[in-house]
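Trainee: Below are the chains, spelled out letter by letter.
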Amino acid sequence: MILSCRKKDTMWDVAILTPLVQGELSIVDLLPDSITQINSDESVTLVFRENLLSYNFAEENISIPDTIVETFVSLDSLQLSDRTISQSITLGEVAIALGFPVGTFIILSNGSETPIDPITGLSSGEQEIDATSFFEAATLEEGFLDIEVVNGFPIPLTDINLQIRNASDDAIIVDEFVAYIAPGETFLSTTDLAGLTVDGNLIAEIADFSSPGSSGMDVLIDTSDALVITMTAYDMSLFEATAIFPAQNLVNNQSNILYDMGGPEFTEMTIKSGEIIMYIVNTIQDSIHIEYNIPGAVDPFGNSISIIMVVPPAPPDGSVIIDETFPLEGYNVDLRGQSGVQYNTFYNEFIARIDSTGEVVTISKEDSIQVIYGLQNIVPQELKGYFGQTDISESDTIGNLGLFDKIAEGSINLEDGTVNLVIANGVGIEGDVVIKKLTAWNSRTGQKVDLSAPDYINVPVPVQRAYDNPFTIGYTNFALTPANSNILDLIEVFPDRLIYELDLEVNPDGNNYNYQDFLNAESRIDLFLDLEIPLEFVANSLTLVDEYDSGLNAIENKQDIKEGTFTLFIDNGFPFEAGIKLDFLNMIDEVLASVDLAAPPIVAGELNADCRVTVPAYSERSVYISPELMQEILDADKVRITAIFDTQSAAGCNEAVKVYSDYALHFQLSADFEYTINLGN
Amino acid sequence: MRTYLLNVLLLMTIAASAQQTPAFTPPVSVHKYYNPAYLHLFDQAEIQLYTFADFYSGSNSLPAGFVQTLLFGSFIDDARKDKASEQLKTDNTAGFDLNSGVWFSTYLGDSNTYRLHLGVEYQNHRGLAYTPHLFELAFYGNAGLADQTADISNSSYDGAVWMSYRTALSRLYPTSKGLFSAAIGASFLQGLSGENLEIERGLIYTAPDGSYLDLDYQFTFNTSDTKVVRLGNTKGIGTAGDLFLSWESPGKRWFSNFAFTDFGVISWNKTPLQYQGDSSSRFEGIDITDVLTAGSDAAIGNEELLMEYVQLDSNTNAFTTVLPMRLEWNTTYYIPEKMISLSAGVHHRLQTEYSPLFYLRAGKALPASGTHLSVVGSVGGYGSYGLGLDIHQRIGPYIRLNAGSSSLLGFIAPDQFFTEAVYLAISIGFNP
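Quick mapping for you: the protein sequence lines, in order, are chains A and B.
Heads up: the first sequence begins at 1 in my numbering, then just goes up one per residue.
Heads up: the second sequence begins at 1 in my numbering, then just goes up one per residue.
Simulated from the structure, these hints should not be mistaken for laboratory data.
Check the hints yourself; a few may be wrong.
Cross-link-like lysine to aspartate or glutamate pairs, in silico, EDC-like; alpha carbons within 16 Å at most [stated by the list, open to error]: (1) A:8 - B:77; (2) B:177 - B:248; (3) A:448 - A:496; (4) A:562 - A:635; (5) B:81 - A:13.
Excised from the complex, chain B in its bound form (with noise of 0.2 Å):
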């Protein structure tokens, strides 16, 4: 994936050295993904290719710095986790996206009217719900609360990565209130990695000598399987439906665009796991008389021992992801006088620890270039705030570029601020 937005991003570098036509296509939003409607409003090629890739990441307490060690990887040092532990609130979030997808599109018929697009899209998504003690557990572990009750209750965790593969269908509505463009879409998604953590009770006591642990939880775990995740290992399969909406006023001053994406379900059904707990236990160590006396023929794996001492129940139920949905509507009012453009907008994530994303842009174009600066400044999403930028370069009339961020605080001061975002994407189209 790495070396694909490397490449996406060398691409963009050459293109956009070639000074082109200008014109104004409006920002939409402040994440990449494909929008048959919006594409189909503004570009005209017969043909058009388009490939993108979005990341995005936030928290609202963990530095983005934390964050961007977790995942690409170091030693977190115990002055990166005290940071961060300074920052935990009482109910803790974090969130993780990456897509990317290529798309092919073309028009239906000899009119311009209707318009078909394919396309095939990679989707990760994670998310965490957790609290204070979850995080110190998990990150000094538990003799630091020695005589405490650590408290992990209401945390969670959901993990999904699949495969979209996407067909949509849209349509050209010239009224006298302007442009309309209205696009369906379906999607079989082709299920890679499923996981889902709900603890709606944990709290475990650590006696002060390390004698022993009181465990009182109710827990439920669903896993897809435990093998390594790729494209040709098929765990689970499901549907998803999308809708998009653009508008154009008639004088090219207002725009609006609407989408709803990945309304669907993945079924994990291949291999599936759950693993339940409801009790309380004491742990005292794993019983070894059998061992002493038997030899280590009575030795067991580590799973039994989880099993057996831990208290818990495992099933081969299939169990459901319902896919974290794309809610967004946002609008822009072009000043072409000043060539200048403003937008606002929310973008949402159902189903997930995404709160609603307010974002307000603004944008100049340059037309002696065929580029479009934005500044984008959001509140919401998996963190707090944001500060970004956009740029969107036209090279042509049928080719057009777009890199940007809706965060780069966490980039800029990854210790001090909590999300961080890239995107890249490349339009290109033909008239054969």
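Just chain A, same shape as in the assembly (with noise of 0.2 Å):
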């Protein structure tokens, strides 16, 4: 039993006095420093700028399409070059097939006069001729074979048989009977090799021909005389063949790209972004070149555009694919094309060639090559030229401005104010701006005041535009006063919100600067509100809330904390009477418990003959926290405060009072209550 008892915490009551919290809050502390200005006589100036439009010309207006090229190329455009080769069968080779008598006969006359005899059934016997210089071997779709036979025997020649056929399978490719040729005269014919399929090794033979002889004539014997059979092979166009293919240019553009603007006729671009695509699909045997230029495109160190890559050989019955991007982003690009004198074209160049290498390679007409290049996803970030003419209308309800977003209610009447809407163009473009309206919205309260302004609402103004080198932006200035318009109407109501509406045209005389309108990376046109307030008003139950997160529920052992009284002292240096209520809330914003000290309301400071205040008024104010209402103040996650201003003029004072930079408020808290010490166990 002894073992099962628990300790009890150790555990007593303490009363605690001590100060908790304290601060001094002037102006400068209550106000963001980027919206106060301070002023010679320490008075105290809201300035306040909200960016209502931020209009990017570029993206909104232009527009840079694609210029992507496609292309096919097959081998119905490769040409095997002409070539020519010669076979010579000489009067000693003829005797030695002739034999004896007659062969005899002649070796031995060699190199005397004596008549030949007729001779009949001679044969030149099957000579090799070697024509792989043409093509290891080649299925022609179109080409021409031409025979030349010259007789260099001294006696004329007559039915003869000429065969010249494939080595491989005997194939005839010329077949060519001639009926006399006399000594030293040439016969030629020609032969069409359309759908034939030629050997680089072929055979020639003279089957069968004969000779009247000499007709008893005496013929000079020389056995080196000699039938001489050239072949000259032309025009040969390909189904497929395994050859040395000579170097030849398979694509070779050289073209203006235009772009189609709609209007801007633009002279230069520098890239933002974007890129050249080469994407080649090869199913050549053989290397392809390519090689790309745009000349009038260059980058920040002069370099004009120039790609060269090499297309690997296709396996055979496989392909081989380059897919490559290369950016152009910083790029210059000329755009009044190889002429100089266009706009919105560039020069570009492209070759795809076959190089000759030496070595024996098959292709088919199936084989092809498949190159899809250009350019695309051009952002421009600088353009030149004339942006032609285009009509722009912005209207926006702009939310959330921020200033007045913790005056919950009440009103002030302002001495004065003054509103610029500023139109900065960093474009370098005329134009003509037309604000259509111009609405101050309180979405709280539902309050909504149009600008009155005879001056500029519905009044076309010309915008100044931007100049280049150095780049300069032009402003354009709308200043709104008490005594132009009703600008403090449209401040008094604690606007959170505005809605504006205007017009804009562009360029409305034409291209009057030449081309020379221009926008570059930091062009923007900007719509600007600059606001400016001199602290001086009267406020009538000027209701501030904000709140805070209250960091209380993260208080360990907050049930030890007991009742107890909480003393605000107050030194107001403002003349401004305050009421303050606190509400404690939780997460969902349910009020779980409020502490009221808005009645009586802390005393203003009082304003001296020189209408400042210079002597904090003091006060003090304590309430009274039970246990209950301390928990669920401890409970709380926010905590909202309230606080109520009436503005304290003097007798010979304005009405509106004048803040100034060295007014302050000291407040402390200091608490009285009672806390339970728990050491635990």
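With the hints in hand, could you dock these two chains into one complex?
Mentor: This is the structure:
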């Protein structure tokens, strides 16, 4: 039983009397430095800028189309070069073929003049012809073979039967019959090779020929005299060939590319992003050499675009694919074309070729090369030229102005205030702007006030253009003052939103600047609202509300904090009466507890003869927090502070009080509370 | 620890039920601790196991009941605080010691001349010196001191928890003037927790409306760290030495013991923290101007706030704790004819708020039951005076049980008396 007893916590109550928090808030503390301006007399002016519109002219109006070119090249465009070979059959070779007695007689008569008797049944025998300089083998779609037979014998030849056939399969390529060739004369014939398959190794044979002899007349016998057969192949196009192909261009495009911009005429462009694409499918068993040039596109170092690449040979019955992109960021492109007087145009060259490597390759009519190339996804960074005539209409509702979002209710009367609507034009274009509407809207109260400014509303106003070298933004200002508008009415509704409508007409007078319109990376057309409000006003129950994370629910052992009295000491240097209420909220904004210090209000600082507060007014407010209320406060996730202000003027001073930078409110919160110290067990 | 004490008590209760050989063994200190020389003199078993636990707390002004509530937990109501407050003196002290251990000892060699002792002990010491204002601030808060300056100067607190891994060697010296036993010991110390606060100057003025606190202070606070105390978390190491002497007269009428233990230091060097302050300042609340203007992101932690507003310096310098050394002498005269013993002694713990504690003991042996009963009166220590009882029970030749208290007054009338103590010990011998 003893072991089961659990030791109790060691605890006791203490009464704590201590300051908790303190601070001093000047107008500089309450408002961000970015929106306060301290004037020479230490008065404070609220300075606020809101960017109502930031218009990217290039993104909204200019789109550079892709320029993609696709080319397909097949073997029917391939050529084999013209080739000529010769084959000689000497008289001596014929004599040897004739044998005894005629052949022996001819050989023995070599160098003498003697009559030659008629000869019949002559044959040249098979003569090998090496035509591999044409190709190893080829099936021709078109082509011709010229056969030239020159009779170098001293006697005429008759009934000549000339055959040329493939060595491999004896297929006859040429079968020509010549009835008579006189000594020294030439016979010429042409054979159509279309549809024939021709070997590089051929056999030529004059299978049967005769001669009437010298008709009894002495003729000089020279066994080196020869019958010369010359074959010339030409105009060959192929179904398939195994050959050494000569260097030749498969694609050779040299052209101007014209962008259709629909109005603008650009002469120069610097590319922000984009790329050249190069997609090549090669089924040819030979290397394809690619060269792509845009002479008018240069990088910041002056180097023009020149892409050289080699597409490897395709494997047999296969293909090779090359898919590459080349970034164009930073390139400057001359858009005046090859002639230099055009616009929206650039000149480019694309060459795809095979280079003679000296190696034998097989190419068929089925082989091809597919090429897709060009520029895509081009986004300009800088443009020059004439931007055309464009009408731009913009309208929007700008929310979350932020300046007055902590003001829940109440009113102020401002003494003065100025709003400048500023158009900052970073684009080198002229234009006219028409402000059609500007409305201040307090969405919490529903109040809307339209701007009334006869000099500006619905009146075309020229917009200053930007200038280059150096880049200078053109500013156009619309100064809205109480004298020329109802601008204070707009401010006094504490707008959290602004509604505007405007039209902008670009280049209303056309190409006035002779292609000198421009934009660069910084070019925007911004519409700013610049607000300047001297803090001199009458506040009537001006209620400011703000919320903070309480941090209280992170306190450990909250239950040990009991009841207490909390006292707020205030030294108020502002000429405002103030009432404060604290609401403690949970995460879903339900009010768990409230502490109301609104009545009586914290006393305002008193204005002296110079209408300034020099001696802060002291106030002290105490509140008792019961144990139950204390726990609700400590359970809160957030605290909402509501402060209600009323300006307090003095005799001899304007009703509107002016706020100076040295005004401050010092506050201190002390507590006299019960706390349970718990040492645990 | 409480379970351990209860188990010891249970064992003792069971063992005490047996009636064994009567013999006289003189009682020793009013606090229980292991004395190798004493054991060598009176325990003849070849192997001896010894376990003990000793609790003692006292104050010169805090009633025992108040301390019991602090230590063992409950709500301290205003009535109890008021009673304690009525007892406050100009200089107030309080202390608390809790020690326990297990020992093993055996003869070295065939003779009984040398004996080796090995032990592990847990030691917990707290000491406090405080002014009446410090008590009032701590237990009532500062609201009652509005428009007054609370003086907490010369207040201090020291606390340490450590394990001692001990060894000792004892030897018998038979002489014509009696039998002497001497022992020396050495310990390796495992520091588990160490804290030390010295407030040389501490003045706190509370404005009547609580709008400010004026602080004037010079203090140093060392802590080994803020993590929990557990055996596996070593925060410091140290060493200590011990010396023991015991004597028995030839006629076994006079007995005397001398002990000087825990002569050593612990260096807290693993994760030490030191806070120092020597300044005067006015605290008017945490400045939340930044919080209001910058949102809750500007909030900072409690430790940073304390450093900022009380202007503390902190560092991680290692610090050293000198152990609360134990110094004791006692002597006993035994009248065997009447089986009565009379003892006198002085016990002191150096480097603490402990004052030398003088005690007198009168005992009566009951041979039939092997029991020796004593009453003890004392003055000094952490408190003022005490009156207690001791029972020593021998069970057979090798088992001895001892339970007692140097001051039972704090248990009997906790709101009137200032000290309370209790100890338990069991000694079991073996002759394998």
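Trainee: Each hint should be assessed against the structure and marked as holding or not.
Mentor: Okay, the hints, checked on the actual structure:
Of the pairs offered as hints, the one joining residue 8 (chain A) and residue 77 (chain B) holds, with about 14 Å between alpha carbons and a cut-off of 16 Å not exceeded. Restraint check for residue 177 (chain B) and residue 248 (chain B): satisfied, since their Cα atoms lie roughly 9 Å apart, inside the 16 Å limit. At most 16 Å may separate the alpha-carbon atoms for a hinted pair to count; residue 448 (chain A) and residue 496 (chain A) meet this at roughly 10 Å. Between residue 562 (chain A) and residue 635 (chain A) the alpha-carbon distance is near 13 Å, which keeps this suggested pair within the 16 Å criterion.
Note on residue 81 (chain B) and residue 13 (chain A): the hinted pairing holds, with a Cα-Cα distance of about 10 Å set against a maximum of 16 Å.
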